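J.: Next come the chains, spelled out residue by residue.
Protein chains: 2
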Amino acid sequence: MTEVIDQLAVIGRLLRAENVLIVSHKNPDGDTLGSAGALLHALKGLGKQAAVLCADPIPARYDYMNLELFEGQFHPGFVVAVDVASQQLFGDAISAYTHRVDLCIDHHGSNTGYADELYLKPEASATCEIMYELLTAMNVEITAQIAECIYTGLSTDTGCFLFSNTTASAHRVAADLMEAGARVQDLNTILFENKSRARMAIELVALQNLEYHFDGRCALIYLTRQQIAASGVAANELEDITSLPRKIEGVEVGITLRQLPGASYKISIRTTEGVDACAIARRFGGGGHGRAAGCELEGNLENAKAAILAEVEKALTRIHGAQES
Amino acid sequence: MTEVIDQLAVIGRLLRAENVLIVSHKNPDGDTLGSAGALLHALKGLGKQAAVLCADPIPARYDYMNLELFEGQFHPGFVVAVDVASQQLFGDAISAYTHRVDLCIDHHGSNTGYADELYLKPEASATCEIMYELLTAMNVEITAQIAECIYTGLSTDTGCFLFSNTTASAHRVAADLMEAGARVQDLNTILFENKSRARMAIELVALQNLEYHFDGRCALIYLTRQQIAASGVAANELEDITSLPRKIEGVEVGITLRQLPGASYKISIRTTEGVDACAIARRFGGGGHGRAAGCELEGNLENAKAAILAEVEKALTRIHGAQES
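Residue numbers (my numbering), protein chains in the order written: chain A, 1045 to 1369; chain B, 1045 to 1369.
It is worth saying that the hints were derived from the structure and are not from the lab. Nothing here was measured: the structure is a model prediction, and the numbers come from that model. Any given hint could turn out to be false.
Since copy identity is lost for identical chains, a pair holds within one copy or between any two.
Derived EDC-like pairs: lysine to aspartate or glutamate, alpha-carbon spacing no greater than 20 Å straight-line [claimed, not checked]: (1) Lys1291 with Glu1237; (2) Lys1088 with Glu1185; (3) Lys1088 with Asp1320; (4) Lys1291 with Glu1281; (5) Lys1239 with Asp1284; (6) Lys1088 with Glu1281.
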């Protein structure tokens, strides 16, 4: 089992570490890469060898972080995972390096405790917020480069300070980062205002396929394999389309069905307070959080829709009573 | 001409004022109403009579601010305008009260100086940010109610801390407001995640009508009068659709054409750095800012499109040279 350690112990480990391999999770997002970048630049500033390892390619939009990737240039003496909740999230391609992780720094309450030592702050809005406090406590100079890495994770994990995990502390750190030289305006454009033409095309399809059910309390969109392929949209660009149906006025349950290569449907469930998304997902062997959960359903579109809508109706009936038909 | 006064003088005016009429601009947004609400609740907390006046109805989503509207319940002794850049923005319906404004509190650099006295901070991200500093300097207790009013203007004017006017100070104020009890999560849902079904319908039309020009450097959407009417979308819900085309990867000029009742087209121009939106708008008698401007074009859709695209092409050619056809 992992040993949970405090900030002072983490600082001790990092200051003593040499040849540090910093590992991000697969399908990397802004928080895992921003945390890795901030730690990378901090350690290099302290004169240490360090590099970042990730099972998947780093999307080009993060180029400004100047992540130095691990390509065997040193023999790792200390392995630190950032923002990685479980060992499965590393990806098989890099298991040679992740079979033994010395330290994990994370904000996921669901962290499985796979690392020798764990520094976990589930109340932090992002792992990058933890990283900022850590580097500040280490007296590392927050350069503009480090500030931009941290801002990346802080802003992407909070949906630019919109999501419910946004804390007062997240806002204060953002203010500090701006004063440290992070070009927040440029980053916001890169991170939040650059939709590909393929993404626009799939949004059109999603809106064409938008359906309302149960007096508008449920909105549903679906995307077939063929529609996804025709748009040319990348998988990571599809993720946040699942938040679209729930944003509509009056909608308590937003459902997104995406057809998977194996012909089953991946179902994403987003709910307002009061409707337990996870309970719905669990009926089909899925899981997640109270307001965001998912599951997979075999069969064709009509069957998958009918099955999930039946469970949504039960959940809404429990709250509002049976509807007039 | 107006006299520009400092914070100390403003505090003196407000503390001495009785029967205060607080005036917002027409087509009210979160910043003018949030500023008005914060000042209203602060003055009432000081035992004064006060009420808010606006030429247009207050949208229901702002109900949580508990704005007390002026309905003749006292004879105004002091008139203060908040977030109103020019006298025209009051609206004719309330000109009996706005022919003489004692004090204007504003963050618009373009403020025309119509009030007897002006407290202007163009560097502030929102008038609500000025209001927070002011009330704090007055030793007013920032109640949860006041904090929610201020958060409303701060978040809406910055697009939830996304736009280029977002300052470090805006983030710090947001942190203070959360600690003062503002239910930021609920407000974010109300302000940013509640799209009407009509708005979804018009977004579908906009995406169906999306065109790319000049190697994808220009994206254009248009909405006819008939399409707007068929969707049932309210005018204020259409405003931010103009930001849609510019958000697409590679797009330097985003154009939105909306047909007006008189059959002319209202053109909104949004640009990335390097393309002067205002210069394009001025060619047709319009105006605005460097990256957001607008104008009106007579004629049918084809004529309006051809005219604006010709000017966009000239602007892009000045930057990139002539395109291969």
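J.: Against the structure shown, which of the earlier numbered hints fail to hold, in ascending order?
T.: Those not satisfied are hints 3 and 6.
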